[in-house]
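In order, the protein sequences belong to chains A and B. Each residue of the first sequence is one higher than the one before, counting from 466 in the working numbering. Each residue of the second sequence is one higher than the one before, counting from 592 in the working numbering.
Since the hints were derived computationally from the structure, they do not count as laboratory data. This one's a predicted model, so the numbers in the text were calculated from it and none came from an experiment. Just so you know, nobody snuck in bad clues.
Heads up, simulated DSBU-like pairs for lysine-lysine below, C-alpha to C-alpha not over 30 Å straight-line:
| id | chain 1 | residue 1 | chain 2 | residue 2 |
| --- | --- | --- | --- | --- |
| 1 | A | 674 | B | 658 |
| 2 | A | 659 | A | 674 |
| 3 | B | 658 | A | 725 |
| 4 | B | 738 | B | 809 |
| 5 | B | 837 | B | 809 |
| 6 | A | 717 | B | 658 |
| 7 | A | 467 | A | 659 |
| 8 | A | 467 | B | 859 |
| 9 | A | 717 | A | 732 |
| 10 | A | 732 | A | 674 |
| 11 | A | 674 | A | 717 |
| 12 | A | 732 | A | 659 |
| 13 | B | 837 | B | 738 |
| 14 | A | 674 | B | 640 |
| 15 | B | 640 | B | 658 |
Every beta carbon over 10 Å from chain B, so not counted as near; a handful from chain A, in silico:
| id | residue |
| --- | --- |
| 16 | 468 |
| 17 | 586 |
| 18 | 615 |
| 19 | 646 |
| 20 | 730 |
Glycine included, every Cβ here is placed at the ideal spot set by N, Cα and C.
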Amino acid sequence: MKPAVWTGDHFFTGDIACAEGALAAGCRFFAGYPITPATEIAEHMATRLPEVGGTYIQMEDEIASMAAILGASCAGVKSMTATSGPGFSLMMENLGLGICTETPCVVVNVQRAGPSTGLPTLGAQADMMQARWGSHGHYEIIALAPASPQELFHLTITAFNLSETYRLPVLVMADEVVGHLSERVVIPPAAAVKTRERVPASGRRDRYKPFQRGACGVAPMAAAGAGYAVHVSGLTHDERGYPDMSAAGQEKMMTWLTEKIRANRDKIIQTESYRLDDAEIAIVSYGISARSSLAAVDEARAAGIRAGLLRLVTVWPFPEELIRDLAGRVRALVTVELNLGQIHLEVERCARGQAPAILVGHAGGAVIPPEEIVARLSAVSRT
Amino acid sequence: MKAQPADHPLNGLLRTERIPHIWCPGCGIGTAFSACLTALLNSGMDLTKTAMVSGIGCSGRAAGYVKLDSYHTTHGRAIPFATGMKLAKPELNLVVFSGDGDLFAIGGNHFIHGARRNVDLTVVCVNNFNYGMTGGQAAATTPTYAKTTTTPLGNPDTPFNLPLLAYAAGATFVARWTILHNRDLTRCLEEALAHRGFSFVEVLAPCPTGYGRRNREKPLDALHLYQEHAVIRNGASPIEVELDPKRAITLGTFVQIQRATCIDMYDKVCRPAVAL
Chain A
466 MKPAVWTGDH
476 FFTGDIACAE
486 GALAAGCRFF
496 AGYPITPATE
506 IAEHMATRLP
516 EVGGTYIQME
526 DEIASMAAIL
536 GASCAGVKSM
546 TATSGPGFSL
556 MMENLGLGIC
566 TETPCVVVNV
576 QRAGPSTGLP
586 TLGAQADMMQ
596 ARWGSHGHYE
606 IIALAPASPQ
616 ELFHLTITAF
626 NLSETYRLPV
636 LVMADEVVGH
646 LSERVVIPPA
656 AAVKTRERVP
666 ASGRRDRYKP
676 FQRGACGVAP
686 MAAAGAGYAV
696 HVSGLTHDER
706 GYPDMSAAGQ
716 EKMMTWLTEK
726 IRANRDKIIQ
736 TESYRLDDAE
746 IAIVSYGISA
756 RSSLAAVDEA
766 RAAGIRAGLL
776 RLVTVWPFPE
786 ELIRDLAGRV
796 RALVTVELNL
806 GQIHLEVERC
816 ARGQAPAILV
826 GHAGGAVIPP
836 EEIVARLSAV
846 SRT
Chain B
592 MKAQPADHPL
602 NGLLRTERIP
612 HIWCPGCGIG
622 TAFSACLTAL
632 LNSGMDLTKT
642 AMVSGIGCSG
652 RAAGYVKLDS
662 YHTTHGRAIP
672 FATGMKLAKP
682 ELNLVVFSGD
692 GDLFAIGGNH
702 FIHGARRNVD
712 LTVVCVNNFN
722 YGMTGGQAAA
732 TTPTYAKTTT
742 TPLGNPDTPF
752 NLPLLAYAAG
762 ATFVARWTIL
772 HNRDLTRCLE
782 EALAHRGFSF
792 VEVLAPCPTG
802 YGRRNREKPL
812 DALHLYQEHA
822 VIRNGASPIE
832 VELDPKRAIT
842 LGTFVQIQRA
852 TCIDMYDKVC
862 RPAVAL
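With the hints as constraints, model all of the structure from the sequences given.
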């Protein structure tokens, strides 16, 4: 067997970094279906997983891929799939099963321009609202937005850790540019990789509740074959996992599924600030657009415009309080993203009218150049 | 847990606190389920290492009553869920128990690929010719001319011959019985459980509420049909076992062959150094 953590300095794409991050996090099962621009993740996993005693399977479609990773996770093995737009759409049904049954796993979406087949080889960030609400029903979700191959490595590990901590599927919302970009990626020694391991069930079988809604967090998860005869269902269920077909049962389950994330927002949400302290105009951005924004901040500053950047590393749950506070102390909020206004609307909502929310958007297919952002900052600063 | 009479031999395999079940009077699913539980008991398999996976529908509720690790998944997706489970933890025995609508319409693609890969699963399909849970709509198994709520003038479509489909896709154990042939069915399920590879057992069962009342078929009428028209032909070519419920119901084990399983092949081709 080869080491799962490929320690060293590398030069490779975000997609490869993502696969290596998964392996470092302890992922030992990958089910997927080829789709541009996420295929390289599957290809790399197909080579690497058997080397570390894991299993790769190419399923018949993305519906099956999502089902298979949930099955693998229920069998006690950390699991992942990776896809892009059309495949992400197909995964929505079983994503809901994962949320309802509190099954940890990681879903990577290397976003491309849509709708439909769209621009398969070119990037976009237009699945951000699908990430939030794509499966039916009301739920909370965690979604991360990497801005570089290095970050794709680290955030894939973070995604696994969050999925185990809160028992839910976690989304890594990359984009074609970050996925295909080759950069330096430093993989630390195995001992320096912090992973969250699943707490196995213990104690008496008749007292174990696989979905116990505890003050200390999620219940330990008994894997299939561990001797606990668990029942896991996508029906509304009680703490034993047994169906409870009542409004009261729905209320209890939904309160738990949403509160386990809402109550831990501060622990989950990660953001980065750049030159924000004295900023008059705050850019809010994420993923590849945050890199354009970073350059734009420096260019704007050189031109005498006091701009700053709030980079969302975690997009969902949304950093509502942070945006609200920011809106109270800047002249304008400028959201930069590769869509025609998705996170922009969230920023506008959270700003509560304290500052205007402005979109620098793009239909997808190209990266937003810093100059375009600077031009808008400049126009805003003159008003 | 409420005190239960201790004398029923299947109580150990039932979540008795969840009984009564949802199945209608005259429904055949319970009989198929009992046969499956009896086969599991007789199999000698380690039942703590055995999981049941179901999709959605009346038959899909089986996972909610069996006292094994049991997974009630999404509509049509039991096979890929079970595939992930088996590949991640090969020591598990996996039984997929679901209905014809679930496995062969919405889940048809997953079925053929599970069979093609020869994943070591035992797939039990209760075929009641319609969607029972939603009130009796046409399925991929509904006989031509049969009436359902969505074929009020009769079904214009041709149903699948399930054993032929399973065989053509690569299943290595293929059988059909009815709930009337309870002992044969139980023995067959034992063989299917013992079979290494993708085994498929179709179980014909009446659905008086959904299908029967629109097709002049009371529960006992269905059983009479099973009795009068059953022809047991073990080893029959799957191409010759097309179902004609009013004329010919061919039963038996049609296919029983050995072929390397999905995991055998993955170990051989992809991780020879890892395989013991």
